[in-house]
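Enquirer: First to last, the protein sequences are chains R and E. Numbering of the first sequence is given in our numbering, commencing with residue 460 and proceeding in unit increments. Numbering of the second sequence is given in our numbering, commencing with residue 259 and proceeding in unit increments.
Result set (SDA-like, lysine to any residue): computed pairs, CA atoms no more than 25 Å apart in a straight line:
hint, chain 1, residue 1, chain 2, residue 2
1, R, Lys887, R, Leu626
2, E, Lys263, R, Gly878
3, R, Lys888, E, Pro328
4, R, Lys888, E, Ala278
5, R, Lys564, R, Gly755
Simulated restraints on C-beta separations:
hint, chain 1, residue 1, chain 2, residue 2, range
6, R, Asn927, E, Glu286, 30 to 38 Å
7, R, Met707, E, Ile381, 44 to 52 Å
8, R, Ala947, E, Leu321, 25 to 33 Å
Calculated directly from the structure, the hints in this document are not laboratory data. For clarity, every value in this text was computed on a predicted model and none was experimentally measured. Think of the CB as a built atom: it goes at the ideal place given N, C-alpha and C, for glycine as much as any other residue.
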Amino acid sequence: MDNLASLFHGFSVALSFHHIFLMLVGILLGILVGVLPGLGAPNGVSLLLPLTFTMDPVAAIILLTSMYWGALFGGSTTSILFNIPGEPSSVATTFDGYPLAQKGKATEALSYAFLSAGFGALVGVIVITLLSGVVQKFALRFSAPEYFAVYFLAFCSFIGLGGAPVLKTVVSIGCGFALAAVGMDSVSGSLRLTFEFDALLAGISFLVVVIGLFGIGELILTVEEGLQLKGIEARVRPSDVLRTMAMMPRHWATLLRSALVGCWMGITPGGPTAASFMSYGLARRFSKYRQGFGKGEPDGIIAPETADHSAGTAAMLPMLALGIPGSATAAVMLGGLMIWGLNPGPMLFVERPDFVWGLIASMYLGNVIGVILVLATVPMFASILRIPFAIIGPAIVVICFVGAYTVGSRPFDLWVALGFGFVGYLFKKLNYPIAPLILAMVIGDKAEDAFRQSLIMSKGALSVFWSNALVGTLMALALLLLVWPVVARVLFGGGRSSAP
Amino acid sequence: MISRKAAEIGLASVTALFGAVIAYGATEFGVGWAPSGPEPGTFPFYIGLIVLVASLANMVAALVAGDGTPLLERSHLKDVARFVVPMIGFVILALLLGIYVATFVYLLGTMRVQGRYGWGRSIAVSLGLPLGLYALMEKAFQVPLLKGPLEALIGL
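Using the sequences and the hints, build the whole thing.
Expert: Rendered as structure tokens:
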């Protein structure tokens, strides 16, 4: 019941006029970046983050997380109305969402998506509320080797469960760590890997890299694929929304299964994208309505949407309690926490309960407000997509570079963003996952510190990672996930993927 | 045209080179054991090695089983170039003249030439965005953006 009392305290923090106003602004901005091609949740949060440096951390995190919820909603909107996923995690929503909308049932499709998204998010927040106390108490027993083991586990789960080619994931993670190592070494204080370039002395900001990889890279990809907006009219009729709402309980099995998949994938960093594909794949196999899949079956919208949002929210738990982000967007927010002077990890619950519980309370409110707000504003945002790309494309380019500059007021960062734009484009074309690179960049220094401190404790013996039951279990679990793709192939035969 | 296979090999060579450079750069700071613990170069050194080895494996995989279909069709390449070249121009211009002026020139150019909009609408949009940015960044959030000689001239 400790958690419940803390949660009520959290509501008293979150329920101020200022915070609710920020929530509304965040959700609307989020829907905007979710709808616009090339701007997604990680990128949108990166663009907004430099503007929060001077804000109070509670207000800042409410603004950024609300933007995240909004972006998730916005991404599904374009999937359904235009067959263009606004976010990688809403790709699976196009499979059944667009066909249903084509049949003239756009309102139903959108309502199914938003309502199940809201349900998924609520399950995610409830899981956070219930588990955060436990995880935090558990994590207080951690010392350096355990921390390293948890970081290691996070990366192994990316390799094992992420779904991208294993060695490409390894390259992506390695590049992230290497980029994080550039600049000041936080243990010895010496400058590393600057290769005599003054511009590298301060290191490479992960925010600029995110803007390049996710923003510019995504834009180039959009241009290549040729943005064709054969949009479906997006009038939302309240009666259709209510009728859809009444239909929701029939899909309880898919809702529950997808929410569980989402929570699992959000907490072990598989991320919302992997969660939505996995959930869609499971639904196609186990749903009562599986014969209608791909032709506009509501279950095929509910499954990815529920999982997407519950993974997105559940990813906040490891971020807050352990300092490990479960998705690329959570990684950017984690970076933000450190910039605001907070120390993510179990001590955060002790030092700043107002921050943690204010955030959790705002997640309940934000998602409820989000569902209503997105239903009300869909027609307006859909019309933004009808602005020709010759105007909106360059405008997004400008906003990305402005964002890159505001991170540290360094002209050099414009080149960094441009360079990583090309890298991001090539990575996407050739199926290299990008999210692990960002994660590695954000927690690279912390993982390295934990590794070095562990070795200092053990005077250089790697056996320190097997020295007690806790760290040994974590390492064993990590290694199991690492070899999981091989094990799965042996057990289930063939290279099945959950995506169609 | 560049085939997918060639692109795979090319990107793998770049990441392999990156890994090698990181590993080599790390050796400068010591990669062994010092009395105070692992030397600063140790962690990046092994990370660099892992990237190098994984990249080489990717390269071999592409050599053995890469598919020869083109990475980009010619018509798509043209679309990408029409987008990327002005963007690079924008970055160079922003560094020379500041972000506001570069935004104006970039938007005016793309709208006039690529969008084939009339002068009136082109100028309205390409002036509107930098002015809006100015109000938002410098006035509302007090975050100064990169400025150039023109702003200095009018005393901003």
